[in-house]
Amino acid sequence: MANFEFVTSPAPTKDIKVGLGDGDLVKRSASTVSPPAKALTPVAKLIDVSKCIGCKACEVACLEWNDKRIPVGENVGSYDFPPDLTPNMFTVMRFTEWVNPQSQNLEWLIRKDGCMHCEDPGCLKACPAPGAIVQYSNGIVDFDHDKCIGCGYCVKGCPFNIPRISQVDHKAYKCTLCSDRVAVGQGPACAHACPTHAIVFGTKDEMKKHADDRIKDLKSRGFANAGLYDPPGVGGTHVMYVLHHADQPQIYANLPKDPHISPIVEVWKGLTKYAGLAAMGAFAVIGLVHHVVTGANRVSPEDEANAEKLTGGRP
Amino acid sequence: MTNSWTDIKNTDLVVIMGGNAAEAHPCGFKWVTEAKANRGAKLVVVDPRFTRSASVADFYAPIRQGTDIAFLLGVMNYCISNDKVQWDYVRAFTNAPYVIKEGFGYQDGLFTGYDETRRDYNRSTWDYELGDDGYVKSDIDHPRSVWNLLKKHVSVYTPEMVERICGTPKDKFLKVAQMISECSTPTKTMTSMYALGWTQHSKGSQNIRAMAMLQLILGNIGVRGGGMNALRGHSNIQGLTDLGLMSNLIPGYLTIPTEKEATFDTYMSTRGFKPLRPNQMSYWQNYKKFMVSFQKAMWGDAATADNGFAYDYLPKLDVPAYDILRIMELMHQGKVNGYMCQGFNPLLSAPNRKKLTAAFAKLKFLVVMDPLQTETARFWENHGEYNDVPTASIQTEVIELPTTCFAEDEGSLTNSGRWLQWHWAGGTPPGEAKHDTWIMAQIHLRLKALYQKEGGAFADPILKLDWRYKDAGNPTPEELAKEVNGYVVEDVRDPNDATKLVLQKGKQVVSFAALRDDGKTACGCWIYSGCWNEAGNNMARRDTSDPDSTGAYLKWAWSWPVNRRILYNRASADINGKPWDDSRKLLWWDGAKWTGYDVPDIAPTAKPDVVGPFIMNPEGTARLFTRGMMRDGPFPAHYEPFEAPIANVLAPKVRGNPAARVFKGDMEQFGDAKEFPYAATSYRLTEHFHFWTKHSQVNASMQPEFFVEISEQLAKEKNVKNGGWVRVWSKRGSVKAKAVVTKRIQPLTCDGKTVHIVGIPLHWGFMGETKKGFGPNSLTPYVGDANIETPEYKAFLVDIEPIAGPVA
Amino acid sequence: MNMELSRRQFMKGASVGIAGTTLGALGFGDIEEAFASSIRPWKLANLTETRNTCTYCSVACGIIMYSKGDLKKGEKADIVHIEGDPDHPTNRGTLCPKGAGLLDIVHAKTRTLYPQIRKPGSDKFERVSWDQALDRVARLMKDDRDKNFVAKNADGVTVNRWTTTGFLAASATTNETAWATYKVVRSTGILAFDNQARV
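Residue numbers (my numbering), protein chains in the order written: chain A, 695 to 1009; chain B, 620 to 1427; chain C, 835 to 1033.
Hint data in this document are derived by calculation from the structure and do not stem from the laboratory.
Ideal Cβ placement from N, Cα and C applies to all residues, glycine included.
Warning: the hint list may mix true and false statements.
As the list claims (entries may be wrong) - Keeping only pairs whose Cα atoms sit at most 27 Å apart, straight-line, the calculated DSS-like set for lysine-lysine is:
id: 1; chain 1: B; residue 1: 954; chain 2: C; residue 2: 981
id: 2; chain 1: C; residue 1: 986; chain 2: B; residue 2: 907
id: 3; chain 1: B; residue 1: 1362; chain 2: A; residue 2: 951
Said to hold, decoys possible - Only part of the chain B face toward chain C is listed, based on derived beta-carbon distances under 7 Å:
id: 4; residue: 625
id: 5; residue: 1040
id: 6; residue: 1316
What the hints assert, rightly or not - Which stretches of chain B does chain C cover? Using the computed rule of at least three CB atoms under 8 Å from a CB of chain C, they are:
id: 7; region: 1013-1024
id: 8; region: 1087-1099
id: 9; region: 1268-1277
Whole structure, please, built from the sequences with the hints as guidance.
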């Protein structure tokens, strides 16, 4: 199947049909939700690392669509620009020059990093602010910035180190999987732009099937360990990778081999979340020491204690 | 491109050499990934650097920059020695069997007829032997047949010799040669994707010829998934070239007369070639129709049969061309007073920036029309070390005119695959920015008014320029496109039946087939004829139908010539008109005419075993031996760059390309390997487009600062730290840069010597959003390709040292 | 002639099956409701679409420019978003990092806005009117042409050339502009005429 066939129609300007509402929520931070009457089909973004040329079209498309810009930095001896995710930069390319010990050939491994949209999202589990992090029945994990209190627990809860807290408005930011685009039947801006269709978007089933074809092709070209990255430790993800060396995800700029939500977050969620911080409701204003410039925000000793527990005492 | 971007999906093997498609043309490269994913095609990359294209290749082989000809002739030698030749194609469709004149030879790196003082050849022996019938003699077994001469010519390029010259390890070379040679069967096809990595050499044209010859030997020209695919740079550089905006061209690859051609008849006598083999189309026989129609489009009623269709209105050349290198040289000598740059930033684009700055400072006036604030427009402005000029002493008057950009303009652009695509304006121009067409019209009208008022030097060509636009001050894209297509000037009646109107005055011509040499038609550019005929604006067509998914898209936009998508497509079928590959049919002979998925590149009823597929050549066949058409040889031969880390191992006395033009004083400006031990090359990065995107904030943030790339080995040797500062200098200048130390560049061993490569990307200057920086043109030599003067940007010598960074 | 109405024909062609099923499977066919509170309102609502071609390389990707205001209605149009045209046979909606960032070149801080002249020896540009700038250009051209035009060479052959002024043509203007440029430049007898094909 030709890869471009996953591309949808032009982005609409009139008669907008919206298909992603509050009624489609399956999870909501620090809250309970009643399951939607009709669940949406799970979606996924598939990133085929073997087809990625590291051109950064996805990074630019992401900035452009989300009306974000990042400052012009300086060269630090690599192609990694910008060097890391920021509150404005939801995705970055991570370049690794890896010499294959078997063939002695150089392989330039280029991985697009960003939110994996876990089926079992650690950020959402850790989040104490009701409704600040939600998951839709199609799998998208989204942040509601009006409800975010900037505590940074989501950062600690994420097994992939993705969310970033803004120094400006003290709120957490990450890839939304272009929930606004998906809501009107469009794919994410990065997938729409990707020149080689290394990034494609569709239903999770379609993406898995497409990945199977890709893996077959890679195996025929000598990549015996080619495979799909859809880690079960987080219940699978709605952003998946095709890797040529799926047995060693860590060579791709430290992609975790078997990611799990920190056990502390699991405990935190079970015992303290609803009883403690959630009860403070919309007035809870929480900061995490060393992580957030809190400014005028007030942090109660109780919150501090909980934060300590969550982070395991790490600064 | 002989083929189109979408056709690449039909290939079995992609060879990226002399380019970096993934990096410079990512969305075109998509069709490589499609071919890989859906056809199981393989990708081979041969490059001095492990590029972004190499990162997704099936096989990568390193090569020293400037040695591509040795590599390609080595592959040809491999194919010939191992009988990997598509013989039916070679015998029928190339000039392999033709006999070459006695006296032609090649020795010590030189072809017959070399004159060292002129750096030029007498090319009289580089031609066919004609029989008594006036046609070329054909006998492939003749000792002087093109095939036998070629076999001998390439025999020196053994795998060992390739390794010695190119630094490509023998096993890697053999692997590439073997993969390529498999495409000699009629059912396997290879495509060549190249760009400035081949053109920007003192023998750039011959780099491309070498691959074209290989493609002919493999039978890959004219077929789906094959071809020679030049990946053009700027969005309309194909169009600008087609429309002849060059010193020696007239639109449609007609040529400006030389001063030896005093009359129109003399001019025509050396054009419009007669066939060299029986029954061939020799399409240039129609030259006069195109030329006269062009003159009518230029000067309307003032171009008459009596005045040779205003032949004297055209300037006559005294030198082969006033290319950019020649004009900058003349400027440097103080012989040029005025210069006008329309969307071109030569201060960063042309070689030897120090020389350029000195040259611009000698101008009386410089006019820059650009949507962006270019370095060229500010060459006089002091920007510290990035442009350290004595502003007050520069007496050049500079006029900067703001223009619209693509988003605010309507019209057509010609892509690399020769598709003319129409686009519409969607934004209001900022400030007082104006369309380029408006500016050109205003200049013309004001100049004309001055001549009307004051008189002056030969004003007729200006006063009588056909300017038939509704608003003379602002011609519309539609008016101009219709003029380019061509229209009927006077009624033409059927000579056998005067009541029958063949062409009606005022109508658009349907295509160049309707053009005439008697002045009754006008046409701006014959190869574009058909773009806007009575059927309307064909360039604006948006029908995406593609029968049987061949990738042709015949109803999308319009391509030249006559909407043909694959050039030489008749060669996709054998001598009897049967497709070489049934699974990849393109064109076939149905017993009475040619039919298929594309517009036939031959007369529709030309019998397959009679008329050859290469209709522009008087032979009807493609040329493995190019006669006297190229200045530096009828075959490519290995020459080192003018600045090379080793001597030419095949001809040690020959420096560079012996037929390349070198201006006085520039030879002394070449460095040698003792003083400048490292082999440098320049290139683009995917995050940027030349010197434009440094004005785009978002692109500036993706690749913010000038850097050079070196291997870990060289870094260790020179004590350079990754991310640290270095100085890089050549005989012509010096730059400061950040160092990126990488495994993607590896030292090569050439002729027993270790050769280190220094990579220098080209996107920085002193205007825009990025950090200020330098470009490779501060370092590069002032010499161009022997045939078309493309500057030698891809291979030169430098030295490098670590330095302390600038004080913040 | 504007052929944009037929732009959806592509979707009826080769890829209709897939595009159809993907959209349907996402479940957006029948429900219609407001965006969820976490989701940004649709930023392209009620904008004008215009089809254009990417200005950078010769792949010539199709793009859609989204503007506030419609030029065709004589309004001021401000482009706020540009993305790849999914109907385009070559790029299929994709864009490279340059193309994806086109918006920032359209709105670059360093766009030229007004005609300017830098006088000999001066350290600055000064704003002038279009009339002043164009009259000056014509004057400078004519003076140099009249002084240095070569009507005949040493052998008495008519050559009608002007080699003391040169013209470098753009590489991203339209064919129509290129043709107008060709006519104007060649009619003056300029031979030093070149474009950016080589670099």
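Stated coverage of the region 1268-1277 of chain B by chain C [criterion: 3+ residues, CB within 8 Å]: violated (count 0)
Proximity test - 8 Å, beta-carbon atoms, the region 1013-1024 of chain B to chain C, at least three hits: holds (count 11)
How about residue 1316/B: closest beta carbon in chain C under 7 Å, or not? With a closest approach of 5 Å, the residue 1316/B hint holds.
For the pair we were handed, residue 1362/B and residue 951/A, check the Cα-Cα distance against 27 Å. Measuring from Cα to Cα gives roughly 25 Å; hence the hint holds.
Starting from residue 954/B, check that the Cα of residue 981/C is at most 27 Å away, please. Distance of about 13 Å is within 27 Å: holds.
Taking 27 Å as the top limit, are the C-alpha atoms of residue 986/C and residue 907/B close enough? holds, 25 Å
Check, residue by residue, whether the region 1087-1099 of chain B contains three or more positions whose beta-carbon lies closer than 8 Å to a beta-carbon of chain C, and give the verdict. holds (count 3)
Per-residue hint verdict: residue 625/B, partner chain C, C-beta under 7 Å: At 6 Å from the nearest chain C Cβ, residue 625/B passes the 7 Å test, so the hint holds.
Given residue 1040/B as an interface hint, is the shortest Cβ-Cβ distance to chain C below 7 Å? holds, 5 Å
Taken one by one, the earlier hints fail for this structure only at number 9.
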